[in-house]
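Quick mapping for you: the protein sequence lines, in order, are chains R and G. Add 23 to a position in the first sequence, counting from 1, and you land on the number used in this note's numbering. Add 1 to a position in the second sequence, counting from 1, and you land on the number used in this note's numbering.
Please keep in mind that the hints were generated in silico from the structure rather than gathered at the bench. What you are looking at is a predicted structure, and each value in this text was computed from that prediction instead of being measured. Just so you know, even glycine gets a beta-carbon here, dropped at the ideal spot from N, CA and C. It is possible that some hints are incorrect.
One-sided excerpt, in silico: chain R residues whose CB lies under 10 Å from chain G [unchecked claim]:
(1) P37
(2) V40
(3) L43
(4) A44
(5) V45
(6) A47
(7) D68
(8) T71
Derived coverage of chain R by chain G (criterion: at least 3 residues anywhere in the stretch with Cβ under 8 Å from a Cβ of chain G; other residues may be distant) [unchecked claim]:
(9) 54-66
(10) 72-81
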Amino acid sequence: MAVEILDTLGLKCPQPVLKLAVRAPDMASGSILEVLGDCLTFEKDVRTWCDRLGKVFLSVKNEGDNKKRIRIQF
Amino acid sequence: MKCWEVFGCEEKACPVLKSKANNCWLVSGTRCRGEIQGKFLEKMEICLECSVFAANMDVDSMKETIDIVNSQFKRYRQRIDKRDRELENISMDLAIGLSESFEMLQRLSSGDTTARIQITTKNELLTKLQILLNQTAARVEEMVHQHHELAMGLCEQYDALAKIAAGDRTVRVPETSDNELIAKLGMLINKETTILTDLLEEMESTSLELALGLSENFEVLQKVAEGDLTVRAPEKSQNELLAKLGAVVNQTIANLKDSWDNLQKSNTQLEWELIQRKKAERTLKEGAEKYKTLTENINVGIFRNTPGSKGHFIEANSMMLKLFGFDSKEELFKNQVSSLYQNPAERKKFSQKMLAEGFVKDEELMLKKTDGTPIWGSVTAAAVTDENGEVRFYDGVIEDITDRKRTEERQQKLLEELEIANQELKDFAYIVSHDLKAPLRAIGSLTDWLLNDYEQAFDEEGKELLHLLTGRVRRMNELINGILQYSRIGRVEEEKSAVDLNHLVCEVIDLVSPPLSIEIEIQDELPTVMGEMTRLEQVFQNLISNAVKYMDKPEGKIKIGCISENQDWLFRVVDNGPGIEKKYHDKIFQIFQTLAPRDECESTGIGLTVVKKIVETFGGKIWLESDVGVGSTFYFTLPKN
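Just chain R, same shape as in the assembly:
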């Protein structure tokens, strides 16, 4: 299954999670979404979002300059 991408680079908290929330209903069960963000609280916010909404926080890759690539399974 192809991994879908959500780019939130340049967006500040809480915009990345709000973007994520809007995208979530379109995701099929079991599919994977890769979210890119560079907000300081990006990782923390996405983790909280996953905990609260019952999604699986698969991985996080730090790409420097606060830029992170997080994978979520729905």
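Given chain R, put chain G in place with the hints provided.
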């Protein structure tokens, strides 16, 4: 130059004012010196620009002033040095504190809401600033936390609402949150979701019922659309709308049926009218064709002519040309109508009658052909008038009755001749009968005398011959009487009177005196008729006496009856005698015709001939029905009037 003059000073205690010798404040003891010179450095600019100061500036004064200034500078330098050291300390403190504050603010602005300043400075202002910064950071942290909580709550609620929107009615949003608004919003959404779900379920249930009901109604309407008007929609339903719909559909079907019935009736009527119209059109067309053919082929002349003494034909068929001997219609149309009359005055009479009555029927006119040959025409015509009642023309037909008229003339002549011959015959029959009776009576008398006076002169055979002669004379007499009777019918007329046939028939029966073996029955009430009594008596007497005379049964039955039949009385005389064969049914009415041998039955053969003549003279007719061996029925009619 005096200062007090320049400035207009009136301070009387001032030594300069008092002395009038000193120039200005530079003199000791003046208020100006006390207040201004002591602060020379501050006021120097004022003095340097003062015209009095400039005018009075001399070495001593300057020296004094410079001394004063120097001493002042010295004091000021000490104070400045002290201040510089203090300021250096404060600046360092401030620089460090501000640096810490800047760093903390930078972390905070980067999103690190946990950044705080460790307060170490003794600088009150800085301490207060850092406390304020820490408080602000704490509040920002709280705000960010609330912000996050709000965002997360919104995410959760959005997610739940998206699922609900996708059709999952079991989903509910979390009702617990640090953020009261989000918690309340969650509760509100759940409450509304529950209401909406219930509503949705109710709507679904209603929709299902509606769908089923509509489906039933649709099926009914589909059948109606296919032409079945006997179907009915269900009118009972929990759903009021469906129940009403059913009623409306049924009412519509009923109305439709009425309309359909009416339409069919109209249709039938229209079809019938259409057929009739087509038939009428066909008939009209055929009629027109027939008319055309008929008018051209018909053996009567058809015309249209204008009225008045100078009237002429404007329409005519071929027969008209033939009738009057014209070669073309144009020729006929040139002639005045009156020119075709043998007597033109008759044309005037004809026109007057047409004007008076509007039509003539079978008017027989003496006309003539164009070459003058006389012809007879039977004219039937009608006047055609305009809206004002004025006669526009006459339409009519002329039948050539020349041949008929000639035949009639011939017939009339023949009739007259026949009448004369008949009369002569009647007279002859009477005269002959009458004249024959005298010698016959003489023969009879002579025979009687011979038998009475010369009885002994004859032997038995001679006597027998004389008896035979007497019988033949009697028979001859009866024959002559019969001929006389017959000739009298129609020649000798008796006065007519009302004759009660019940009474008359009874008298006839008495006269006939039938034997006991024959029963005569009058079955119906007989009418009273107008007529000659003697003739009527002859009719019944002949018929009844014949029935009695020829009766061959040991128990004879004769029945007499009468019924009313239209304009006539129908009489019958029925017997159970020997019957008459069919081939004699006409013959028996001829004169002198008898069926039984003369030695069996004495008959002149005149009776039924007389009866027939009487009945026919009265305007009736006579006939019989008979079965050989069973009997005969004689019928005759008499007109009621």
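Status of the hints after comparison with the structure:
Given the 10 Å rule on beta carbons, the hint for P37/R holds: about 3 Å separates it from the nearest Cβ of chain G. Because the beta carbon of V40/R sits about 5 Å from the nearest beta carbon in chain G, less than 10 Å, this interface hint is met. The criterion of a C-beta within 10 Å of any C-beta in chain G is met by L43/R, whose closest approach is roughly 7 Å, and the hint holds. Taking 10 Å as the C-beta contact cut-off toward chain G, the hint placing A44/R at the interface holds, the least distance being around 4 Å.
Residue-level restraint check for V45/R holds (minimum Cβ-Cβ distance to chain G is 7 Å; threshold 10 Å). Restraint check, A47/R versus chain G: the minimum CB separation of about 6 Å is within 10 Å; hint holds. Nearest Cβ of chain G to the Cβ of D68/R: about 7 Å, under the 10 Å cut. The hint holds. About 6 Å separates the beta-carbon of T71/R from the nearest beta-carbon of chain G, less than 10 Å, and the hint is met.
Only residues whose beta carbon comes within less than 8 Å of a beta carbon in chain G count, and the segment 54-66 of chain R has 3; three or more means the coverage holds. With a cut-off of 8 Å between beta carbons, the segment 72-81 of chain R has 3 residues touching chain G; three or more are needed, and the interface restraint holds.
In the structure shown, no violation is registered for any of the earlier numbered hints.
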